[in-house]
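Enquirer: Residue numbers (my numbering), protein chains in the order written: chain A, -14 to 80; chain B, 91 to 311.
Some clues are possibly wrong.
[Said to hold, decoys possible] DSS-like cross-link-like pairs, simulated, lysine-lysine; straight-line CA separation at most 25 Å:
id : chain 1 : residue 1 : chain 2 : residue 2
1  : A       : K60       : A       : K21
2  : B       : K237      : B       : K158
3  : A       : K(-9)     : A       : K31
4  : A       : K21       : A       : K52
5  : B       : K158      : A       : K(-9)
6  : A       : K(-9)     : A       : K60
7  : A       : K31       : B       : K290
8  : A       : K(-9)     : A       : K68
9  : A       : K68       : A       : K21
10 : B       : K239      : B       : K158
11 : B       : K290      : A       : K60
12 : B       : K158      : A       : K68
13 : A       : K60       : A       : K31
14 : A       : K21       : A       : K(-9)
15 : A       : K68       : B       : K290
[What the hints assert, rightly or not] Across the chosen pairs, the derived CB separations fall in these ranges:
id : chain 1 : residue 1 : chain 2 : residue 2 : range
16 : A       : T79       : B       : V148      : 36 to 42 Å
17 : A       : V45       : B       : S289      : 38 to 44 Å
18 : B       : K237      : A       : S38       : 21 to 27 Å
19 : B       : P292      : A       : T79       : 44 to 50 Å
20 : A       : S25       : B       : K290      : 35 to 41 Å
21 : A       : N23       : B       : M91       : 36 to 42 Å
22 : A       : N23       : B       : G236      : 46 to 52 Å
23 : A       : Y1        : B       : L234      : 54 to 60 Å
Rather than coming from a laboratory, the hints here were simulated on the basis of the structure. The C-beta atom is built at its ideal place from N, Cα and C for all residues, glycine as well.
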Amino acid sequence: MGAYRKQIQIVGDVLYAAEELTIDHNEASITNLIQKANISHSRISKILTNLVSQGLLEQVDSKIACKYRISMSGKDFLREYRKFSEFTDNFGLTI
Amino acid sequence: MEFLLENILNLIGFIVGIIIGIFAYIGFRNTGSPVLFRLTIAFLAIGIGFGIIWGGYVIDDVFLQEGKINRGLQALGLGTQTIGYFFIAFSHTIKSFFPKSRYLRSVGIIPLFLLSTMSIEHIIRSFSFILLVYGAIETFVSFLEGKQKGTLAVGIGLGMLAFGEFIAWYSLVFPETILYSISILLKISGLISLFLPISKLPLRKMKIDEFVEDEDEKFGV
């Protein structure tokens, strides 16, 4: 059974998945994000809407389906998230 | 010699506590993590506690020149540090008041009975010791799970602070021995070990607060 993830960890995982997929394919589909971040469709829709409205993800125009790309501020956020995640890890705690 | 070592210990404790506390606070502001909030309180309290005692030594050195710190200031500083150690232990969620190890229970509790009636300072030190041992054990358990070097360094740091506190009790039973100097050196080493993994992280601030605040609001965190 997987460990319970806090909201901040889920956001971190979604952004990490988006970053990886942006590097590999220049954009990320919802299906890819669901698989990579291990999250349900109903939940990711809400998170993606928020991340786009905050400018951490960019919505890419596509005729087939919604695609996303991590923005510069998204990369900055992810870097900070990793840094403080490592900080709490050093104390044997999770962020 | 002991006066100088005490000054060095408390100055290092003050600097290390405040730096880690500020770093944790930046993390809390940027991510909204309650764990980082508890670490902020913990390390600011530890830093301020060491700072109060250091201030007491400086006041004595510059103005009073009695060769000893005011006992009230000492108790206040130790009490503030204990609050910090409590929040570290609290972050691990305290499951039991005493350490899990049967050996540590049997050995660690002896000075508590020997000295706890002597003064409030010793009672505070007893609490600090118990909380530090708990924090160290939990951190070592996390190290065994994750095998991260940083976690090991923090575990060793907390362990050395606890051991330093333990030796300090016995220096009260056996005064005029080298035990007190050893305890101070152990605590200095503990603080350095605690700071090592943090020093490797880039200590700069980045503004991402707006996202977190809105995010919390929308997710109802």
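Enquirer: If you check each hint against the structure, which ones fail?
Expert: Numbers 2, 5, 7, 10, 12, 18, 19, 21, 22, 23 - these are the hints that the structure violates, sorted from lowest upward.
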